[in-house]
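Protein chains in written order, with my numbering: chain A, 148 to 314; chain B, 2 to 117; chain C, 56 to 490.
Among these hints, one or two may not hold up.
The calculated lysine-lysine pairs, modelled on BS3-like cross-linking and capped at a C-alpha distance of 27 Å, are [what the hints assert, rightly or not]:
hint	chain 1	residue 1	chain 2	residue 2
1	A	K225	C	K216
2	C	K216	A	K311
3	C	K139	C	K216
4	A	K311	A	K225
5	A	K239	A	K225
Which bits of chain A does chain B cover? Going by a derived footprint, with three or more residues having C-beta under 8 Å, they are [what the hints assert, rightly or not]:
hint	stretch
6	154–166
7	184–192
8	272–278
For the chain B half of the interface with chain A, some residues (derived, Cβ under 8 Å), not all of them [as the list claims (entries may be wrong)]:
hint	residue
9	L7
10	P10
11	V25
Read the hints as simulated data drawn from the structure, not as lab findings.
Only a predicted model underlies this, so the values are computations on that prediction, with no experimental measurement involved.
The beta carbon of each residue, even a glycine, is placed where N, CA and C say it ideally should be.
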Amino acid sequence: MNTEMMFFGALAGMAMISAIGVVAFRDAIRSALCLVVNFFTLAFLYFTLNAELLGITQIVVYTGAIMVLFLFVIMLLKVSGPGSLQEKPEIKWFLGGLCGLGLFGAIASQIMFPFLKSENAPPVEGWGSPMNIGKALFTQYAWPFEMASILLLIGIVGSILLAKRRI
Amino acid sequence: MEGSNLLLPGYLSVGLFMFIVGVVGVIVRRNPIVIFMCIELMLNAVNLTFLTFARFRPSPALHDVADPQIYMSGQMMVVFVMAVAAAEVAVGLGIIMAIFRLRQNVDVDEMNLLRG
Amino acid sequence: MGNVFEWLASQPEWFRALVRVILIVVPILTLVPGLIWYERRLLSWMQDRIGPNRTGTITLKSGKKIRTFGLLQPIADGVKLFFKEDITPTAIDGFIYFIAPAVALFPAFALGLTLPWGPLDGPLRLFQPVADVNFGVLYIMAISSLGVYGVVLAGYSSNNKYSLMGGLRASAQLISYELAMGMAVASIVLATGSLKMTDMVAAQMEPLWGFVTVFQNWNLLNPLGFLVAIIFAICIVAETNRAPFDLPEAENELIAGYHTEYSSMKFAVFFMGEYAAMFVFSGIFAALFLGGYNMLPLREEVLGGATGFYHTLNYWGAPLWFLGKCAFGVTVFIWLRATLPRLRYDQLMNLGWRSLLPMAVANFMLVAFWIVATASYGALVGWVCFLGGWAIVAGAYFALTAGKRKTSAAFQTRTVQMVSVAPRIVHEEAEVAAK
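Given the sequences, and given the hints that come with them, work out the whole structure.
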């Protein structure tokens, strides 16, 4: 057990517990908070994988923007219709959990074992640095990047169209 | 260095676990916002898997080239997933708000307007 | 003095990091009461009142009084807040209600880790940022976007309609201004070519505008940073929820907004978070636009006979100069509060989305243009292109909106419908009650 493994274990445990929390809490805002914790932990997992820029982007995009949007909508629904977000536990929660466990076992048993023996690649210097990612994004991946920007533009227009009562 | 061999399966199992929790959430929950959050969870699980493979298993043929530019595909994928997720959330939450405005209720089991 | 620095340099890395964290966090914590006193005194002076000037006055036996200008007032306030009854409303969302103040306090201190208090070389390198990461500016954006959670959670968990409205307003406001802030800083990042805070400060020590060798190129002083500095300043006022952007706690509409239901020490933590954020954001502004830890925008190398003297002053006083710039920033915060009335909600959204964001985006594009022009044709042509570009943008804006600007009032009212659902609900409840 080295420090790397211990660090990973702590982060992984937090990520998994908060992931369960997202599904298990009945209250939507607690699910959202669990998801915030999960995304924050994921950012640190990215840091441990040397992907530092993506880790910080994860915090900016997910915890900083997307989850705030979720909280905003949850609060808006609470203002306009209290009680509309409550749901009661049913038998299908239990069944769903059981199915998930089975699925996890089935997939994990198939993909984990080949990786246990093989050797890991050494970290590449500057792999996750802003400069290298920027270089790749604006040269080799410039075309997908532009497509993503068009997609975001469509997203903006679409959400404005949905949110406005009159255009 | 026997511990570091366990790192790759470790990261993968975290990703797999999060993905499956997301799947179960989408099936089980009735609140569309929580369903949406579970979809985000699944996307992030995939992101983690992409990064794990990009870090521990870059192209095997180029195993010892020191230039980071040739190992970028995994990270690029994550960048685009994030962009798509952001657009998806903007539109999806807009749809949820529009439905709520129409019906004053957001239970997905009661959204059956399209049933034939 | 030098021995202390040498001894510290010989210590292990984690110990030096710890010392630096303490050097960052403790001043911010101890400055907060001082800031509160400063705000109240300055505000009272600006409003032609007296303000808190009694606490701490010692009357000697001879009848002579030693005045401390009320400096002990914040300590008295702190003691009062400590011993006040901590009222917890009954219908709150328990756990969230308790963690909200802590969540609100966290970003201010986490942001403080990027402040460059001193130069990178020599004994004063102890004062360089604790987290001088190579994505420094992104770190600032990330952590400052977490600031909304404390407000939103407090508003949601209080089970109070006014608190909830405060939280809603805060989240909408922060998302809007976060965007403009990010785009504004992107211009500076583009011009500097680095995301690192220390690189930003170093880039501001270059010759002004590229050819005036006597002065430093502080971002506030050159055209590409001037507009950005104004946008950034407006955005940080909005991010800290200070007047004139204090809609989340607008007392004449929302009682006290998101912290209505908080009392005693929990309220004090919110209060502390606000002041710490004010101070830290001033520090970030100083680092990005006011040359960081440099005393004056003068370049040491070209001062002739005074170089040695100025260097000593500039080097050994670096943390003090930085502190002075932070104090200046805080003063501006208070000045704004004394001067400007609170914005209406639609004005707030219009300012963020329709003025600041397009301006920041235009500046971003023109900075890219400036970089290309400067690299190809030299500094002078670069500036001509940049300013000419701005002239074209401004001309196009005024030409396009010439006839429309007066009629836009009808358009403005529609933009706020999304958040103004509460009055309708209150109205409906009143109808139900009437039946």
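Check your understanding: Which of the numbered hints are not met once you compare them with the structure shown?
Key -> none
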